[in-house]
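Those protein sequences? They're chains A and B, same order as listed.
Residues in the first sequence are numbered consecutively from -3, following our numbering.
Residues in the second sequence are numbered consecutively from 135, following our numbering.
None of these hints come from the bench; they were simulated from the model.
These numbers were taken from a predicted model, which means no experiment stands behind them.
Ideal placement from N, C-alpha and C gives every residue a C-beta, glycine not left out.
A hint or two may mislead.
[Stated by the list, open to error] In silico lysine-lysine, BS3-like type, Cα no more than 25 Å apart, as pairs:
#, chain 1, residue 1, chain 2, residue 2
1, B, Lys519, B, Lys531
2, B, Lys531, B, Lys442
3, A, Lys37, B, Lys519
4, B, Lys265, A, Lys37
5, B, Lys225, B, Lys324
6, B, Lys531, B, Lys447
7, B, Lys640, B, Lys402
8, B, Lys554, A, Lys37
9, B, Lys519, B, Lys530
[As the list claims (entries may be wrong)] Far from chain B, some chain A residues (derived; all Cβ distances over 12 Å):
#, residue
10, Ile196
11, Tyr201
12, Leu221
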Amino acid sequence: MNIRKYIFRRVISSLLTLFIVITLTFFMMRAIPGGPFTDEKAIPSFVLEKMMSRYNLNDNLFVQYGRYLLNVLCLDLGPSYRYEGMTVNELIAGSFPVSFMVGGIALILALVVGIPAGIISALKRGQWQDRLAMILATLGVTVPSFVIAAALVYLFAWRWGIVTVGFWEGISTAVLPALTLAGYPAAFISRLVRSGMLEILQQDYIRTAYAKGLSERAVIYIHALKNAIIPVITYLGPLTAGILTGSFVVEQVFGVPGLGSFFVTSITNRDYTTIMGVTIFYSALLVLFNLIADLCLAVVDPRIKLR
Amino acid sequence: MRKLFILLFVLMFASSSLAAQNEIVFNLGADPRTIDPALNNATDGNNVITNIFEGLIRTGFNDAPEPGCAESWDISEDGMTWTFHLRDNLKWSDGKALTASEFRDGFLRALNPETGSPYAYYGFFIKNGEKFYNGDANPEDVGLSAPDDKTFVIELEYRNPLMLDYLAFSLFQPARMDIINENSRGWAAKPETLISNGPFKLESWKHGEGGEITLVKNSEYWEADNVKVDRLRFVFINDENTALAAFRAGRIDYMGTIPSQMLPMLLKQGQAVSQPSLGTAFCDFNITREPFNDARVRRAFTLAIDRKIIIDKILLGGQRPAVGFVCDVVPGTTPDKDFRTEGGAFLPEHADVDEARRLLAEAGYPNGENFPHISYKYNSNSGNKSLAEALQGMWKKNLGIEVELLNEEWKVFIETRNRKDYDIARDAWIMDFYDAGSLLETLISNSPQNNTGYNNPKFDEAMTNAAREMDTVKRINFMHEAENYLMEDLPVAPIYFYSSAVMQSKRVKNIHRSPLGFVLFRGAEIVK
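Okay, chain A solo, but in the shape it has when bound (with noise of 0.2 Å):
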């Protein structure tokens, strides 16, 4: 099939998932107790009654959706309720960049860190260095990162005093999140590695690669990381999504100013829109990496027919 006729059918069919997160999104979002302005200091009922309106939330529910919709196609995420004076729009705009800044280190520290340890323990298989990688990448895995989040807070803040967290400042700061952020997907992608090398070094083809005089580096390289890395870039494609919107738990501990605790404290603000706006964007990162690691893998792959 024609690759643009491939991309044009991939968008359609993102756009309806778009709009299918947008409706359920809504509706659940709007059947959860309590508003925007419910408060402990009870707001008397006239006056939240004019609060309401002034943000049409008196209106009929189906008329503030087809309002939104609306809005939403002109990517206009409307005003925040929690932030008075902000918009959605620029929510996001200030705080996405943090987190891609995070995110993106975090995501080449786990691909630096997760493939190597995977290829070694798959050739040293049953040797110590596979042990230690495995018992490593188990532990990344088991191990919730709000526990490396503090284990390294208490290290690198407290006893060592190297660093201070709570506050940003660049690239300095974003250092430990991004190790806490790169722990999982390390583990998860060594062990993608380890599992696809050890089955694909059994191989026919391997073999007939040896016979023809290869050496072992061109053999591994070539010819079997290829093939062993095509879990990892299935995998890559919502690991992307996530990592790069950042995490509630880790910006909370270290102060990051990023979009992940937005995700959290939304909810518990009932900002309806910010609730919209950071699943909107989340869902349109994840439909697009996952297009993206798509068409890699029709580029790694040849036997991958785009359908």
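Add chain B to chain A, keeping to what the hints say.
Chain B alone, transformed into the frame defined by chain A:
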């Protein structure tokens, strides 16, 4: 290569030096929803507003109202017209002269229904304020006028004994309508348009977790000579452990966000100081249905609580047992005694188990037999959980009654409690004003804060009398009378009086924290 790495590492972390010389870092804890004086109703926003704006009246370092932009004022004989005389040469932070008509604009904006101010009703003491808010009067009819640039007149709808406290409240600020009209919702979110008239002005605002608000000294402020600090950084570090780590590293100078499990140790070591805070924590009883429609049952449950143990074994933060509803520190009729000392103790510090059991038996539940299944609801939070478990244990041990604990997410809980869908619910109230009425009025029968269904006409009447009484002694005595009714009926079980702990670095002094919760930096200094 290895050396290069070490060098890189050092360079990367070199920026973690101490706070800059003439700058104070305060952990605000949360990113304010707004710092628009007319729209704010939260403590975090108030902390910013009180440092960048100044009304006619301001809060002094003795926590009493004192002259702010108004130098003096005259009161008409009938007490219904107040004429304020502004200081000379008042200016906005952009250098423009500040006039009396801008106070009128600010007050009218707070009352304007279009603004949607959550605290607009605080302006209803102004003549035709409520009518204007409800759309039944024009702005010209409201009792606010500025006969000249330096004179501002307020005519009253009714006499308000707390008039000066109200005017010191963050709602009542002057407004620059030339700026606000351009962007009525967003002007206060951006430093270019947030022009203010207080000791500091907004320099930047980065939203969200890890963000911060920075304020710089306003050289146009009338008392700028007394403002010693050039810059304030209000950071939003929500995680208490992270905040403590940053404080220890010398990055934060002042904060109230302290991990509760560390607090007893920090207080003991003198690193944190606990101050009384104006608020009471209590339980609501749902008096609209069985079994708490019976006053004897409410009293039994109230007496079965051991307040002292809760404070000494669970809270550990310098709280005091709530032996009445109005907390200590609140002013009484004379300066040497606070309201609580005057009113005396209605409840014992420890549980009165015998009396509690007697009352329970009298109500028809000897030893807790045949008592209906009831629950205690609270909002999900580890501190609330410990308190709930302690209460559950005390009711079980002292009354023989099993109370189920149910927790709900914050906003869900607020609605549940407001709907009276509970038997016993956690509640607490932090006062807006330095006055007992600020706490008592929450239980007036038609108050939106009254979650219990309490409706005692005698209590309401005493509170109405207090609200209109200009004589301080008489007014406070009306409130004592109201509290007597309340503690007889016990729609709520007071538990403890709030305290708040703060940590302050040795490099700063004269930061003033009001018991109402906001922190004033206009007198702050850096020691070294």
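Evaluation of the provided hints:
no. : hint                : in the structure
1   : B:Lys519 - B:Lys531 : holds (18 Å)
2   : B:Lys531 - B:Lys442 : holds (16 Å)
3   : A:Lys37 - B:Lys519  : holds (22 Å)
4   : B:Lys265 - A:Lys37  : holds (23 Å)
5   : B:Lys225 - B:Lys324 : holds (20 Å)
6   : B:Lys531 - B:Lys447 : holds (17 Å)
7   : B:Lys640 - B:Lys402 : holds (17 Å)
8   : B:Lys554 - A:Lys37  : holds (16 Å)
9   : B:Lys519 - B:Lys530 : holds (16 Å)
10  : Ile196              : holds (33 Å)
11  : Tyr201              : holds (38 Å)
12  : Leu221              : holds (26 Å)
Hint compliance for this structure: every hint is met.
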